[in-house]
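Novice: Keeping their order, the protein sequence lines are chains G and U.
When you line the first sequence up against the UniProt record's numbering, it's residues 1 to 384, in that order.
When you line the second sequence up against the UniProt record's numbering, it's residues 1 to 384, in that order.
It is worth saying that the hints were derived from the structure and are not from the lab.
Quantities reported herein were computed from a predicted structural model and do not represent experimental measurements.
Each hint should be verified, as a subset may be incorrect.
Pairs count within a copy or across copies, as identical chains cannot be separated in the list.
Below 25 Å or equal to it, Euclidean Cα-Cα: the simulated SDA-like pairs (lysine to any residue) are [to be verified]:
no., residue 1, residue 2
1, LYS235, ALA366
2, LYS104, GLY327
3, LYS235, SER160
4, LYS48, THR379
5, LYS104, SER89
6, LYS104, SER159
Protein chains: 2
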Amino acid sequence: MTIPADTAPGARIVVPVALEGRAYDIQIGRHQLCEAARLIAAMAPGAKVAVVTDERVAALHAPAFEACLQQEGIGFTRITVPPGEATKSYAQFIALCDALLAAKIERDDIVIALGGGVVGDLTGFAAAVLRRGVRFIQIPTTLLAQVDSSVGGKTGINSSHGKNLIGAFHQPALVIADTALLDTLSEREFKAGYAEVVKYGLIDDPAFFDWCEVNWSRIIAGGPERDHAVAVACKAKAAIVARDEREEGDRALLNLGHTFAHALERLTHYDSARLVHGEAVAIGLALAFRFSQRLGLCSGQDATRVSRHLDAVGLPSTLQQVPGGAGTAQEIVAAMGQDKKVRRGVLTFILARGIGQSFIAHGVAAEEVTAFVEAELATNGQAR
Amino acid sequence: MTIPADTAPGARIVVPVALEGRAYDIQIGRHQLCEAARLIAAMAPGAKVAVVTDERVAALHAPAFEACLQQEGIGFTRITVPPGEATKSYAQFIALCDALLAAKIERDDIVIALGGGVVGDLTGFAAAVLRRGVRFIQIPTTLLAQVDSSVGGKTGINSSHGKNLIGAFHQPALVIADTALLDTLSEREFKAGYAEVVKYGLIDDPAFFDWCEVNWSRIIAGGPERDHAVAVACKAKAAIVARDEREEGDRALLNLGHTFAHALERLTHYDSARLVHGEAVAIGLALAFRFSQRLGLCSGQDATRVSRHLDAVGLPSTLQQVPGGAGTAQEIVAAMGQDKKVRRGVLTFILARGIGQSFIAHGVAAEEVTAFVEAELATNGQAR
Ligand SMILES: NC(=O)c1ccc[n+]([C@@H]2O[C@H](COP(=O)([O-])OP(=O)(O)OC[C@H]3O[C@@H](n4cnc5c(N)ncnc54)[C@H](O)[C@@H]3O)[C@@H](O)[C@H]2O)c1
Ligand SMILES: NC(=O)c1ccc[n+]([C@@H]2O[C@H](COP(=O)([O-])OP(=O)(O)OC[C@H]3O[C@@H](n4cnc5c(N)ncnc54)[C@H](O)[C@@H]3O)[C@@H](O)[C@H]2O)c1
Numbered sequence: 001m002t003i004p005a006d007t008a009p010g011a012r013i014v015v016p017v018a019l020e021g022r023a024y025d026i027q028i029g030r031h032q033l034c035e036a037a038r039l040i041a042a043m044a045p046g047a048k049v050a051v052v053t054d055e056r057v058a059a060l061h062a063p064a065f066e067a068c069l070q071q072e073g074i075g076f077t078r079i080t081v082p083p084g085e086a087t088k089s090y091a092q093f094i095a096l097c098d099a100l101l102a103a104k105i106e107r108d109d110i111v112i113a114l115g116g117g118v119v120g121d122l123t124g125f126a127a128a129v130l131r132r133g134v135r136f137i138q139i140p141t142t143l144l145a146q147v148d149s150s151v152g153g154k155t156g157i158n159s160s161h162g163k164n165l166i167g168a169f170h171q172p173a174l175v176i177a178d179t180a181l182l183d184t185l186s187e188r189e190f191k192a193g194y195a196e197v198v199k200y201g202l203i204d205d206p207a208f209f210d211w212c213e214v215n216w217s218r219i220i221a222g223g224p225e226r227d228h229a230v231a232v233a234c235k236a237k238a239a240i241v242a243r244d245e246r247e248e249g250d251r252a253l254l255n256l257g258h259t260f261a262h263a264l265e266r267l268t269h270y271d272s273a274r275l276v277h278g279e280a281v282a283i284g285l286a287l288a289f290r291f292s293q294r295l296g297l298c299s300g301q302d303a304t305r306v307s308r309h310l311d312a313v314g315l316p317s318t319l320q321q322v323p324g325g326a327g328t329a330q331e332i333v334a335a336m337g338q339d340k341k342v343r344r345g346v347l348t349f350i351l352a353r354g355i356g357q358s359f360i361a362h363g364v365a366a367e368e369v370t371a372f373v374e375a376e377l378a379t380n381g382q383a384r
Numbered sequence: 001m002t003i004p005a006d007t008a009p010g011a012r013i014v015v016p017v018a019l020e021g022r023a024y025d026i027q028i029g030r031h032q033l034c035e036a037a038r039l040i041a042a043m044a045p046g047a048k049v050a051v052v053t054d055e056r057v058a059a060l061h062a063p064a065f066e067a068c069l070q071q072e073g074i075g076f077t078r079i080t081v082p083p084g085e086a087t088k089s090y091a092q093f094i095a096l097c098d099a100l101l102a103a104k105i106e107r108d109d110i111v112i113a114l115g116g117g118v119v120g121d122l123t124g125f126a127a128a129v130l131r132r133g134v135r136f137i138q139i140p141t142t143l144l145a146q147v148d149s150s151v152g153g154k155t156g157i158n159s160s161h162g163k164n165l166i167g168a169f170h171q172p173a174l175v176i177a178d179t180a181l182l183d184t185l186s187e188r189e190f191k192a193g194y195a196e197v198v199k200y201g202l203i204d205d206p207a208f209f210d211w212c213e214v215n216w217s218r219i220i221a222g223g224p225e226r227d228h229a230v231a232v233a234c235k236a237k238a239a240i241v242a243r244d245e246r247e248e249g250d251r252a253l254l255n256l257g258h259t260f261a262h263a264l265e266r267l268t269h270y271d272s273a274r275l276v277h278g279e280a281v282a283i284g285l286a287l288a289f290r291f292s293q294r295l296g297l298c299s300g301q302d303a304t305r306v307s308r309h310l311d312a313v314g315l316p317s318t319l320q321q322v323p324g325g326a327g328t329a330q331e332i333v334a335a336m337g338q339d340k341k342v343r344r345g346v347l348t349f350i351l352a353r354g355i356g357q358s359f360i361a362h363g364v365a366a367e368e369v370t371a372f373v374e375a376e377l378a379t380n381g382q383a384r
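Isolated chain G (complex conformation):
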């Protein structure tokens, strides 16, 4: 399979997100930080900028971006938060809001998230509620953030009751996915993000899944395949978000694998030493396909193909691979029941009739899920 012409080396791919009144572009390519600064200067002449980042990204990439801002004569403040999921907390949210107010960020100014999904979700939420909403730009620096969290306007923080329970829909004014920033990402974080890439193939694009099976190592290595993969993912997400911004229908398809994933993250206390989001999603994807198989919806062949690909990439695909253990079937299902995708106590699942044939299944009985998880725990996912 060849890469389309628009991802030839050096090219920049623009993916528009068609939202009435709040349309914006995702720009994908290598070395886009100064291009980002140029776009900001054009979009908001005279505006102040707050660059929110985490300590790790600050050390690696903030100076380069700030040099670009300086070149454009844009005044900026840097606000740094600790890295890690624990940063999506009430306490960090308050500290960030107060730091933005102290920096005198006003309604016409711009708040920029330079970091992974944690920085993006926290910063987007703060931007959504600061003065009831200020402009917000995403410069995602992880693969996961480039293909998923920076697109679509979901922002938020966690509560002790669960992940992302406090948040807002707040669309960015621009997303710059500089794929060269990913060169410094750890292999583990890169692969975790890759789980979200492959998800788009599993949802409704079997040809893209085929392409991933062949090209995954080149995506990791960098180069045009990486840009192509990010672009395909962004296009897919942008299309779903444009159809259903507030997740009242279709958008729930993006949660393929996530009901399991969120339960696993909850049970491992969001401890990234044990499990990062993308790893939880990888297990969730494999489980969603095996659960679909068990329900007689999907062939064993397709379910096995999903797990095999995740295994090949070096991603986990079974509950046994959760370091320290995931818990009992009852604990896992109870942790799912906490999910915000539950309406009036009924479980909603994304299931699949095959690779690229996912659908939203309402009213899945908790006992079905429990029985499946029990079988998984007993057989190490070999019950397929």
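Following the hints, put chain U with the ligands in place on chain G, whose structure we already have.
Specialist: Positioned in the frame of chain G, the structure of chain U with the ligands alone reads:
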């Protein structure tokens, strides 16, 4: 002046708020709590309800409302916050979000604010961000909340940097203004709310100001004049909000008197023992007219008429009436500069060419304001 037929005793006045896709009604009348419960049952069959209220209102009115909910078979949880402006804090926001999550309020459930503007603003903000937005109903129990804060969807909390700096636009699904609930309001709080009533006359309805001069004591006493005043205020606010939901233009007119008022509240540390919001607004209205007079925009006659009416009602109209003093002119203007209505450091003011002839004045020089406030402090507002 006579009261229109639609406010005859016993009648219920319905004011529609025409917002594309999120239209809702304000229902005004005496003894509407069971009507509210009936509407909720019809709007959301099977939904759970969280009733958020403050300790004072809980003691006075929550049992009556909950009896109505019970009669309709609606399951509910009561969540009580302390009364007072200090409740619009990060800490109370977090406590409320967690209480709503503990009550398992999901996306299809309903959060109700039963209280004054403090309960409404805090609860509305929590409803806006809980699970990225749950349905929200306002049952305002102060005059200020019935004529102002419950209508229009502005919600939020305070930061140490200023009032309402953290918040969201989140329209209620319904507003029930039960004017009988105001019978238990202290005279001081009632009069404070009255400042916002009279504001609508001053903005663009001189005939309503005339009517208020004649009927104010009957509004306080209760009866059809009260319902009429609430309805006129709600209609006026609904019309402005429908034109400009996000305060990008016209809606700023509603801030008549508020740039001064917010500065005074800030300088008195939001201490309601010294100054409540409506009292600050009363002083702000008088100042806005005297400032307009000083700028040669408005006749001294009109400015005097405004102050005289506030005096007659028993509301403050000068800086000298701020208990403990308002501070120096420099302090007052500096406190204004913090206001979120400042864009890129330029002061925006609502000024008036006369009663019912207010307009938005951009780029008012800080020195002009300082000189005016100095004169006010020197002359006790007698410089008119
Ligand atoms: N808003 C959404 O729609 C959405 C969608 C999916 C996931 N999410 C959220 O995203 C979060 C996970 O995002 P994530 O995986 O990006 O995690 P993350 O932001 O914690 O980043 C992972 C780690 O990589 C480091 N890092 C970031 N960029 C780097 C770079 N270029 N080089 C080296 N290190 C770098 C970070 O410091 C961090 O330690 C979760 O909180 C999840 O809930 C949100
Ligand atoms: N959202 C908006 O558009 C908007 C507009 C204007 C004002 N506000 C906000 O509203 C707040 C002020 O509202 P408020 O004046 O209603 O204050 P409040 O909510 O503090 O109520 C004032 C006092 O009256 C008590 N109370 C309430 N109802 C009562 C009743 N029926 N009987 C007896 N006591 C009762 C309360 O317990 C409180 O002690 C401020 O925070 C202000 O910023 C918001």
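Novice: Does each hint hold? Answer for all of them.
Specialist: Hint by hint, here is what the structure shows:
1. LYS235 x ALA366: neither (34 Å within a copy, 49 Å between copies)
2. LYS104 x GLY327: between (47 Å within a copy, 23 Å between copies)
3. LYS235 x SER160: Neither: 34 Å inside a chain and 42 Å across chains, both beyond 25 Å.
4. LYS48 x THR379: neither (57 Å within a copy, 40 Å between copies)
5. LYS104 x SER89: Intra 23 Å, inter 20 Å, cutoff 25 Å: intra and inter.
6. LYS104 x SER159: between (28 Å within a copy, 13 Å between copies)
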